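Student: All chains, full assembly: derive it from the sequences and hints.
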Amino acid sequence: MRTHAQAVVIGGGVIGCSILYHLTKLGWTDVVLLERSELTSGSTWHAAANIHGLHDNNNITRIQNYTMDLYNRLEAETGQSCGVFQPGSLYLAQTEAREHQLRLQAAKAKYYGLPFREVSRAEAEELHPLVNYDGIRCIMYEENGGNVDPSGVTNAYATGARQNGAEIIRFCPVTGTEQQPDGTWIVRTEKGDIATQWIVNAAGLWGREVAALAGLTLPLQPTEHQYFVTETIAEIAGLDRRLPSVADRDGEYYLRQEGKGLLVGAYEKDLRFWAEEGTPQGFGHELFADDLERIEDNMMRAIERVPAVGEAGIKRVINGPMIWSPDSNVLFGPVPELSNYFCCNGIIPGFSQSGGMGLLAADWIVTGETRYDMFAWDMARFGDWADKKFTKAKVGDQYANRFKIHFPNEERAAGRPVRVRSVYQMQKDMGAVFGLNYGWEHPLYFGDTVGAADETHGFTRQGWWEIVGREARMLREHAGIIDISNFAKYTCKGPGAEDWLNAVFANTMPKSVGRSCLTPLIGKRGGIAGDFTVTRLGEDEFWIIGSGMAERYHQRFFKQVPLPEGTTFESKTVDVCGFNVAGPKSRDMLQRLTNASLATADFPFMRSQWIELAGIRVLALRVSFTGDLGWELHCAAEDQARLFEVLLEAGKAVGAGPVGSRALMSLRVEKGYGSWSREYSPEYWPQEVGLDRLCKMEKDFLNKSAVTETLAKPAREHLVILALDSAQTDASNADATGGEPIFRDGKGIGRVTSGAYGYGVGMSLALGYVKDAEPGDKVQVMVLGKPHKATILPEPPFDPKGERLRA
Numbered sequence: 001m002r003t004h005a006q007a008v009v010i011g012g013g014v015i016g017c018s019i020l021y022h023l024t025k026l027g028w029t030d031v032v033l034l035e036r037s038e039l040t041s042g043s044t045w046h047a048a049a050n051i052h053g054l055h056d057n058n059n060i061t062r063i064q065n066y067t068m069d070l071y072n073r074l075e076a077e078t079g080q081s082c083g084v085f086q087p088g089s090l091y092l093a094q095t096e097a098r099e100h101q102l103r104l105q106a107a108k109a110k111y112y113g114l115p116f117r118e119v120s121r122a123e124a125e126e127l128h129p130l131v132n133y134d135g136i137r138c139i140m141y142e143e144n145g146g147n148v149d150p151s152g153v154t155n156a157y158a159t160g161a162r163q164n165g166a167e168i169i170r171f172c173p174v175t176g177t178e179q180q181p182d183g184t185w186i187v188r189t190e191k192g193d194i195a196t197q198w199i200v201n202a203a204g205l206w207g208r209e210v211a212a213l214a215g216l217t218l219p220l221q222p223t224e225h226q227y228f229v230t231e232t233i234a235e236i237a238g239l240d241r242r243l244p245s246v247a248d249r250d251g252e253y254y255l256r257q258e259g260k261g262l263l264v265g266a267y268e269k270d271l272r273f274w275a276e277e278g279t280p281q282g283f284g285h286e287l288f289a290d291d292l293e294r295i296e297d298n299m300m301r302a303i304e305r306v307p308a309v310g311e312a313g314i315k316r317v318i319n320g321p322m323i324w325s326p327d328s329n330v331l332f333g334p335v336p337e338l339s340n341y342f343c344c345n346g347i348i349p350g351f352s353q354s355g356g357m358g359l360l361a362a363d364w365i366v367t368g369e370t371r372y373d374m375f376a377w378d379m380a381r382f383g384d385w386a387d388k389k390f391t392k393a394k395v396g397d398q399y400a401n402r403f404k405i406h407f408p409n410e411e412r413a414a415g416r417p418v419r420v421r422s423v424y425q426m427q428k429d430m431g432a433v434f435g436l437n438y439g440w441e442h443p444l445y446f447g448d449t450v451g452a453a454d455e456t457h458g459f460t461r462q463g464w465w466e467i468v469g470r471e472a473r474m475l476r477e478h479a480g481i482i483d484i485s486n487f488a489k490y491t492c493k494g495p496g497a498e499d500w501l502n503a504v505f506a507n508t509m510p511k512s513v514g515r516s517c518l519t520p521l522i523g524k525r526g527g528i529a530g531d532f533t534v535t536r537l538g539e540d541e542f543w544i545i546g547s548g549m550a551e552r553y554h555q556r557f558f559k560q561v562p563l564p565e566g567t568t569f570e571s572k573t574v575d576v577c578g579f580n581v582a583g584p585k586s587r588d589m590l591q592r593l594t595n596a597s598l599a600t601a602d603f604p605f606m607r608s609q610w611i612e613l614a615g616i617r618v619l620a621l622r623v624s625f626t627g628d629l630g631w632e633l634h635c636a637a638e639d640q641a642r643l644f645e646v647l648l649e650a651g652k653a654v655g656a657g658p659v660g661s662r663a664l665m666s667l668r669v670e671k672g673y674g675s676w677s678r679e680y681s682p683e684y685w686p687q688e689v690g691l692d693r694l695c696k697m698e699k700d701f702l703n704k705s706a707v708t709e710t711l712a713k714p715a716r717e718h719l720v721i722l723a724l725d726s727a728q729t730d731a732s733n734a735d736a737t738g739g740e741p742i743f744r745d746g747k748g749i750g751r752v753t754s755g756a757y758g759y760g761v762g763m764s765l766a767l768g769y770v771k772d773a774e775p776g777d778k779v780q781v782m783v784l785g786k787p788h789k790a791t792i793l794p795e796p797p798f799d800p801k802g803e804r805l806r807a
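Each step along the sequence shown adds one to the number in my numbering, with nothing skipped, and position 428 is 428.
Be careful, since some hints might not be right.
What the hints assert, rightly or not - Straight-line alpha carbon distances no greater than 25 Å define the calculated SDA-like cross-link-like pairs of lysine to any residue that follow:
#	residue 1	residue 2
1	Lys260	Ala214
2	Lys110	Lys572
3	Lys260	Gly278
4	Lys652	Glu466
5	Lys789	Gly674
6	Lys388	Val366
7	Lys696	Leu563
8	Lys771	His55
9	Lys572	His478
10	Lys493	Val418
11	Lys493	Thr567
12	Lys25	Gly88
13	Lys704	Lys789
Quick caveat, the hints were computed from the structure, so don't treat them as lab data. Values in this document were obtained by computation on a predicted structure and should not be read as measured data.
Tutor: Encoded structure:
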C-alpha cells in the first residue's frame, strides 16, 4: 500500500470510483481509493440505476448527458461492461403543470441538441404497448434514457482508474483523518497510514461517520427505499426489443423493464428513516425486510397505468437504504473551514450523475474550480444552522415529494423556521409570507391576511402576482421598506485592511472615508465569483456587503489571501440587521427621523454616514438594489424591531410600507441589475456581464492572471435585457422565471437568467445571455416551453440614465 498520494478517495461506490477515474484522466495518477468492504457496498449495489438526461437545472442537465454519453466510451476504454440499456424513456403528463414542465424541458433539449421530443399517443403505443395512455395530456420521449448495471459501471470506473495508475484497496476501513500544519492530511487505516494532499469523502452511507473523523458534521439522513421486480410477463417475453422506461411522476412511481418482467419503484408518503444515530459499521450488502404495504397506493397507480404489473407475480423485493441531503442534491465541494477536504455525499440519482460528478470533482481538485457553475450542489449552501432536526424534516419532505414539481419561486415549509430575526413575528402578524435564505426567514411579500401562506405554486402567474405588483408600484410611486438583513455583512479592520481588500477584490478600494465602491470577486478561471459593495468607514476600517446565500461559499476565496498582522476580517451577518428604504419619497420619509441632512449635496450617491434615526444609530449607505433613490440602513440586531417600527410609522405619511423580495426581483430586473448565482457566476467573464470596467488591471488581486486571459478574449455572449410580447404573456398568464432558452429563427442563441413582470414599467421582462445578437433584434423566449416573441432592449426600461438614483 502506498504511503503517500496526491489524493485519497474514501468510499468504493460508484461516485468514489468515478472521482478516482476522473482524477487519473486529468493527470493525477498517484491516487488511492480506500473501501471499508467490497466495491459497491452500501447503496450502490442495490440501486435501480435508471439514467436520464433532463433536469430542471441546466447545468445538471449538461452533466447528466455527459454521464450517459460516457458509459459506452468507458466500456470501450476499459473492456468492462457497464450493462447499458438505452431503449428510451417515456415521460407522461397528467396535469397542466407537468405539461408545462415537460414542454420547457423539451425546449431546453432543443437548445442543447439533446434527443428529447414530444410523441403522439399512437407513437407512444408503438414504443410501449403495455401502457394505458388514457388521461395523459402530453407524452415526451427521451431516446437515450434507460438503465445500467450498478456493479458493471462501478467496476468500469475502477478498472479505468487502475489502468491509469490508481491504487484501490478493499477491506480497509479508515480509522482516522488528521490535518497537518501545512494543510495536508494523514489518513489512518488498520493497514497503515497514507500522507495525502487531498481527502475526498465519497463514503456514501458512511459519509457522516467519515466526516466526523475530521470534526465535520454533514446534514445527511438515510431512509429506506423499495422497488420490486415482477415475474416474466408474456407480452414482454414475446418482444424482440427492450421496452422504454416510463416516468409517470404524477403517479409517483417509476417503471422499467428488468429481464422479461418489470421493475417498479416508489417514493411513498409513509416513509421510514434509518440509522438516525449513525450508519452501522458492519452494514454492507444487507437489505431490510419487505414492506410493500407502504407503497401500495403507488403500486395501484402503476397497475392502473400498466395493467400487466398487476397480473404478474412479484419475483423479488429490494428494500435498501439511501442517504439524503436536505434538498436531495449532493453535498459537493471543498469544505470551506478545512484545507483540501472534498465532500461528495448524499447522492440520489447517482447513475445519472456519476460521470459528471466525477468530472467536476476532479476539475475542482486539480484546477481549483469546476467548469460549470454548480452552486446548486455546493455544500456551502448549508451552514451549521442545518441541524439534525432541520435535516430530518427536509429529508422527509424531499422523499415523500420526490416526484413533485419544484416550481419557480416555490418555498417549502418543512423544517422551518430555523433562523429568525427579532422582527419575524411582527412581520408575520402583518401578513408576511417567508422564504428561506441561508437559513434565515425573510419576507417574500406581505399577504392580505395575517398568517398568509405561500400555498399556490406553478409556472404561471400565481395568486401573489398582484400583491407583489402593489408592493412594487408603491415603492416606485412613493417608497418601500425592504428587509435586507439576510445580506452577508463583514468588517475588515486594521493597518493592513486596505491592502488586504485590494489583494482580494478586483476594483480599487475607496480612498476617502464615507465612499463606497462596487467590486467583482474573480474566480480561478477568470469569471465572476461574487459581487460586493465595499465602504470605507475609517482610516483602517471597511464595511463589506455580499450575497447572503453565498457567505460560506465566499469563505474559500477570502482564505486564499493571508490577512496582514493586526488586521481582522469578521462576519457581521448575525449581529447586524438592515432595511433598504427606497423610492422617490424615501428622502422625505427618512428626513422626518433624523437631524442629518439627506440632501444630495450633503449625502450623495455611493456615500455613507453614521446617522441617528429616531435615536437609533445606523450606518446609512446611499445605494439601492431597486435602482431608485434610496438608502441601506444597517443597525445592531437588538435595534432592528425598534427601527422597523419607526420606519413603518414614518412611511405612513408618504404612502410607504413593507416590500418583500419578490417585488425586489421585479424592481432590479426592470433596472437591469444582475444578481449573484443568476447573472453573476464563475462561468461568466467580466466583459460578458458588463463588470470589466471594475477590474483594475494596474494592481494585483486574487486570480488576476486568470482574468487577464479572459479579458484578452472576445466575449462569448452578452448579458441583455429583453421585453416579452405583452399580448402573449398575458394570454399564457406567465412570465419568464429563469432557465428558458432563447431562440432566433429556430436557432438557440441564449438562455434567461432572471425573469419577472416589471410592474413599474408595465412590461414582462427577462435578463439573459445571448450570442450574436444586438439591441433591437427580435427573438423568441420559451416561456412554458412555447415561443414568446421578445425584443432585445438597448437599455433598461426603468431610469436608464440613473437619474433617480442620484437625485
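Student: Next step is simple, just say for each hint if it's right about the structure.
Tutor: Results for each hint:
no. : hint            : in the structure
1   : Lys260 x Ala214 : violated, 47 Å
2   : Lys110 x Lys572 : violated, 45 Å
3   : Lys260 x Gly278 : violated, 38 Å
4   : Lys652 x Glu466 : holds, 21 Å
5   : Lys789 x Gly674 : holds, 23 Å
6   : Lys388 x Val366 : violated, 33 Å
7   : Lys696 x Leu563 : holds, 21 Å
8   : Lys771 x His55  : holds, 23 Å
9   : Lys572 x His478 : violated, 31 Å
10  : Lys493 x Val418 : violated, 31 Å
11  : Lys493 x Thr567 : holds, 6 Å
12  : Lys25 x Gly88   : violated, 29 Å
13  : Lys704 x Lys789 : violated, 40 Å
In the structure shown, a violation is registered for the earlier hints numbered 1, 2, 3, 6, 9, 10, 12 and 13, in ascending order.
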